Amino acid sequence: MSMIKEYFILALKSVWAHKIRALLTTLGVIIGVSSVILLMSLGNSARLEAANQIRSIGSNLIFVSVFDAQGSLPNDWISLIEEQADIDAYSPLISSSVSYQIEGQNIDVSISGVNERFAYINSLDMQLGRFLNEYDVEFNTPVVVLGSKIPDLLLPNQSIIGSTIIIKGIPFEVIGVVQERGTNFSGDNDMMVYIPIDYASIMSGFSSINKTFYIAANSEDNIDFTLNRVLTYLSTVFPSDSNYRAFSQTQVLGVLETILGLLTSLLAGIASISLVVGGIGIMNIMLVTVRERTKEIGIRKALGARQSQILAQFLIEAVLITTLGGLLGLLVSYVGTLVISWITDFNVVLGLDAVVLSLVFSITIGVIFGLYPAYNASKLEPVEALRFE
Amino acid sequence: MIQLKGVTKRYVMGDNIVMALNGVDIQIKEGEFVAIVGPSGSGKSTLMNIIGCLDVISDGYYELNGIPIKDYDQDELADIRNKQIGFVFQQFNLLTNLSALENVMMPMTYARVHKKQREEKALHLLGLVGLSDRTHHKPTELSGGQQQRVSIARALANDPAIILADEPTGALDTKTGQEVLNALKELNQQGKTVVIITHDVEVAKNTNRIITLRDGLVLTDISEVKS
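Chains as they are written, first to last, in the working numbering: chain A, 32 to 420; chain B, 1219 to 1445.
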């Protein structure tokens, strides 16, 4: 142990004696370590972000869709499912879109015909007013709930609640505005408006009814069971499973996590090539160092250094250089995460795993690429080495 | 203590085989003060490397302290160089990035002497060679004579029985050279076996026995009894 400390001090002195060279040598490791860590942190943050976004929509959610021209589901199908599984709520959905010309600009708005449970199922929160209620849906009142971007675009400088907007020639009274949601697989939620489903079904240009449904299972544990019931039912109604699609939010989450995880590993893998390149740089400079210090090695051997002691001395020096590189790389990637978090509103966090990994990486690189030069040094013949000038 | 019988050393240089030593028989007893002299090419440096376990023999027999060197492995040879032999080189061979003190401490590091003891011993030895006020100087900040005294202190670090000095005065002027020789003479008087390799007969005259080499063979071996 005391010998290792001895070599460590020796290595520190020798690195300090060639500061600039050590820094340049270690640049490869710095770049390698920081890019691997940065990409890993980015990937992990993206995964977290995606998971959070999906959870905010509601993790109990099951999405059912029948493709066009394949017929539609019978009106009473949901009650058949309700008999077999615990369904908390459901809403059918039909959709269309409409384009507004405002000051020469085209503004495309998606229109969703839904029932009063839709907000609950999708965890929509209100920014203003209220969502559709059961009377609106039952009595087909011409009311509309707006996505968060709509008021500024269609009703600038107006009081929003109580205003009227025209959809496909029909005036609708605005009763509420939904909080900002961002974009997900169903499009830009903030550019959507919601109207009562039956009202929508008699308007022109909407998809046909009984094709798309949102179902909320009554608990997270029940999702798979409910989804299975739905799929079993669908298979009795349609000839082929290519006619419909049913999936849960957790499945989407799983797929997304798998894809992002794969992407992260791929990028980190590519970045780790630079670590290998950095390692070769270390090996190169260590070979030069050993050659330069042949005389020193000869003197040390003449004075009683064993081969293993010379090996340890140079190996520790290589590991020290790469470890310093790893630490600097960690610093660079930390600064990198700060910059990314500052420029984008994406919160990138350097994990403890990244810190540990960078140190393990850099030490391993030092051992792998320092071993050959150190072995060369240890095998030098004392007489030959002493004669070297 | 040192016994060589029919020792040969061959070097292969391209297609030629060069015989540096051609069958050398030498016996050196404990406490002797010996000079090995000869012109360059006589094989005296090769002989010194072999005695110092820095090089291995091609044929023959070499015994150190009663044990044939062939029986030792690399690590044991390193330990012999470390503990049983103290080297003094013509070019001093001090490590330039270490202080005088650290240079003297180095052999003790390899002998795994405790740090505190190492430092005490090194300070003591530097005191013996008159360099107490130069302990933290780097070799480049010392004169040639001072550097050679540091290397003598270093040679004594692990209390070896044998001091091997290869042209110890070669890089020094006559006066400082004589000081170094006096130091070696003193070490011999304290009981160390001292072997000096030199081409200079004047240097050799300081010793009690002069072995002359020529073409890899012992030419003469003259012991004189000094009053």
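Read the hints as simulated data drawn from the structure, not as lab findings. Since we're looking at a predicted model, the values are computed, not measured. Ideal Cβ positions, reconstructed from N, Cα and C, are used throughout, including at glycine. Please note: incorrect hints may appear among the correct ones.
To be verified - Here are some chain B residues pointing at chain A (derived, C-beta under 10 Å):
| no. | residue |
| --- | --- |
| 1 | Y1279 |
| 2 | D1293 |
| 3 | V1419 |
Unchecked claim - Far from chain A, some chain B residues (derived; all Cβ distances over 10 Å):
| no. | residue |
| --- | --- |
| 4 | D1273 |
| 5 | N1283 |
| 6 | I1285 |
| 7 | D1297 |
| 8 | N1311 |
| 9 | P1325 |
| 10 | L1360 |
| 11 | N1376 |
| 12 | G1395 |
| 13 | D1418 |
| 14 | D1439 |
**Request:** Against the earlier hints, flag every one the structure doesn't satisfy and list their numbers going up.
**Result:** The structure conflicts with hints 1, 3, 4, 7, 8, 9 and 11, although it agrees with all the remaining ones.
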